[in-house]
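Number of protein chains: 2
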Amino acid sequence: MIDESILRSLVMPNDRKIVLLVADGLGGLPRDLDGRTELEAAAKPTLDKLAAHSACGLSVPAGPGITPGSGPAHLALFGYDPFRYQIGRGVMEALGIGLEVGTHDVAVRANFATMDRDGVVTDRRAGRITTERCAGLCAKLQREVPPLDGVEAFVMHASEHRFVVVFRGPGLDEHLADTDPQRDGARAVDPQPLFEEAERTAAVVRSFVAKANRVLAGEGPANTVLLRGFSALPHLPTFKDRYGLKAAAIAAYPMYRGLAQCVGMAVLPTGPSLEEQFETLRQHYKDFDFFYVHVKKTDTRGEDGNFNAKVQVINELDAALPALLKLEPDVLAVTGDHSTPALMKGHSWHPNPFLLHARTAQPGWTEEFTERSCALGTLGRFPATDAMPLLLAHAGKLAKFGA
Amino acid sequence: MIDESILRSLVMPNDRKIVLLVADGLGGLPRDLDGRTELEAAAKPTLDKLAAHSACGLSVPAGPGITPGSGPAHLALFGYDPFRYQIGRGVMEALGIGLEVGTHDVAVRANFATMDRDGVVTDRRAGRITTERCAGLCAKLQREVPPLDGVEAFVMHASEHRFVVVFRGPGLDEHLADTDPQRDGARAVDPQPLFEEAERTAAVVRSFVAKANRVLAGEGPANTVLLRGFSALPHLPTFKDRYGLKAAAIAAYPMYRGLAQCVGMAVLPTGPSLEEQFETLRQHYKDFDFFYVHVKKTDTRGEDGNFNAKVQVINELDAALPALLKLEPDVLAVTGDHSTPALMKGHSWHPNPFLLHARTAQPGWTEEFTERSCALGTLGRFPATDAMPLLLAHAGKLAKFGA
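These protein sequences, in sequence, are chains A and B. Everything in the first sequence is counted per the working numbering, starting at 2 for the first residue and increasing by one. Everything in the second sequence is counted per the working numbering, starting at 2 for the first residue and increasing by one.
So that you can see chain A by itself, here it is in the shape it has in the complex (with noise of 0.2 Å):
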């Protein structure tokens, strides 16, 4: 990818709009069935007319073989490398599940555990306890445990026996040893710093272990706690710095507004449907220079296995579609984070399609926004660090280069 310094001397910040529509797990595989991908068995004429008048291509996640989850995917997209800044499995959980995390807070997962009365650990899952029984116990362990040495504890169950912690107050650092032993028969770890930075921070997460084990006492199973995974934000560059863009971001789930306040944006309340999307990018339309919309439900299906319904989604995004072509965007670039066949049930590294629709976008070969139609377009296969560098471009964002 082009050097981080280098492009940043080039930017020219301009009052032209550019629009990146994310469809979540985009790329498919053919099914069985007729051989044809999701892509390729969904209605689209809209998404069909625009490629086949854009500069298409096929965007390479992370890296060849590398499946990416939705941080480093999303990184990528946004022009961070994925390797570079990575995010922490505390922060990602806790952006997961809606709970905020502040600059300066530590995040970090947690399980419900049973531990027998000599502190060893029995079921570091307790049992697996019910999604229900959880959000009570996190609720209670949210009410009983009092703030540890001015440090608040914000706690919200995620599904079964786990859950996050969000520490907030001065002074934490998040390089702390993980508690949960990896095993039962063994003792929990008390919490240690991996620097002397992180000595107060150790301190807050035993006070919270020990008042935890208290409130949890006689709750059956799920008596103790086992945190792992301790993080904290990463400090990345703001689209301001970096882009010079003034950046929103318009997506219904917690995990990618989150993502998206990693890199700067303003994060635009919102409705769940593609028409409430499309209709918050319309009255904002003027503040922004940059607009990252995501759609989550392609991603979803996807991992459901549901080829029929990812296609579904396909049809509906489509038909939504006019509404935002109506704001006549400069740049417009559709595509997705990362693949999720339904074949696959999941994440995979195989390359999404890319349209980009500008003045200057060059046509090639694509007469449709499927997988292989868009390996005949002008953009080539590329990796996804270099879609920012290119809608820059195409909005006339990047001065010339040398003389």
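Because the hints were derived from the structure by calculation, they are not lab data. Misleading hints may appear alongside valid ones.
For chains that are exact copies, the list does not tell them apart, and a pair is met inside one copy or across any two.
Said to hold, decoys possible - Listed next, the in silico DSS-like pairs over lysine-lysine satisfying Cα-Cα at most 27 Å (straight line): (1) Lys18 / Lys346; (2) Lys297 / Lys401; (3) Lys346 / Lys401; (4) Lys247 / Lys401; (5) Lys327 / Lys287.
Please arrange chain B on chain A, whose structure you already have, making use of the hints.
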């Protein structure tokens, strides 16, 4: 290429089978007659059908315009940066003629040469003596030069005046300057250590040269030896370390067996024909999860400049292939290590057709297994070092990166 330590951290072994079939020097160029390449002129219905149902592309062996030797070309395909991991000339030559090179051995290329009575080299090639004569002299040296301070010297002829010496014994170090003065009319250079660690080795080599001179006195033009390219096996991470793979090589030629050994593959005994190689594969199919199968003759016929003979080798490969396909490997790749166009009578930098067959492979527009048709595949044009991460991913052996 993807960072080695990141890739290693994602490896997730399972029992799925990967077969990498390398037809050496596979890629070709159009002949004048009808503008068809060797692959285009071949009758290969099985490969063509396979390609149409595979992810295809073009793999670039070492870099734009860079013609690799067999060593770097194979290392790249095995996922090792061929510029970082270089295998010395002496070692490659030894492997090429079937001389075993152990982990602590030092190998060197040698010439029989002529020197006058003042010790001046008058012909660095001893009048290009025949290979038979060379073999006889090598046998004589092997017989008559005694062990040198506990170090054995293994002497084996190559072609004409060329031969190889492998020194085996404790405390050897390959950092020695060439003794070959590189021009007639100069004296042979006394063996010199490049670093202190190689002082003992220099003494051993000095003693070898003195004894060889004594043995060769009176042997006419071939009365001395010149040595160049002292080298030891490179310290390569193994396939097990790097990819978690239990890997085996099925190759009839010594050099390729040696290369496979360098990356820690088990080398299976096999016969020279394709049928025997595929039968070896069948017999050991349960014992390994990665197989490298090497077909030599595509390269040999290309080096000969014999277009029709190379076509014939491809025809034979296609006819033998069903025996391999019957094993139904989870992931099968067919490609070359480098191109050897008959037109050029030698290795070239041109990319190789690459076919990847797996349930998760995305077919593109490729209709037959040729250079031109693979250019229309979904893998695009990619560095050969990307092949291994792709094979691992398609075999489900790589975990997701990040959350």
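Would you pick out the hints that fail for this structure and give their numbers low to high? As far as the earlier hints go, not one is violated by this structure.
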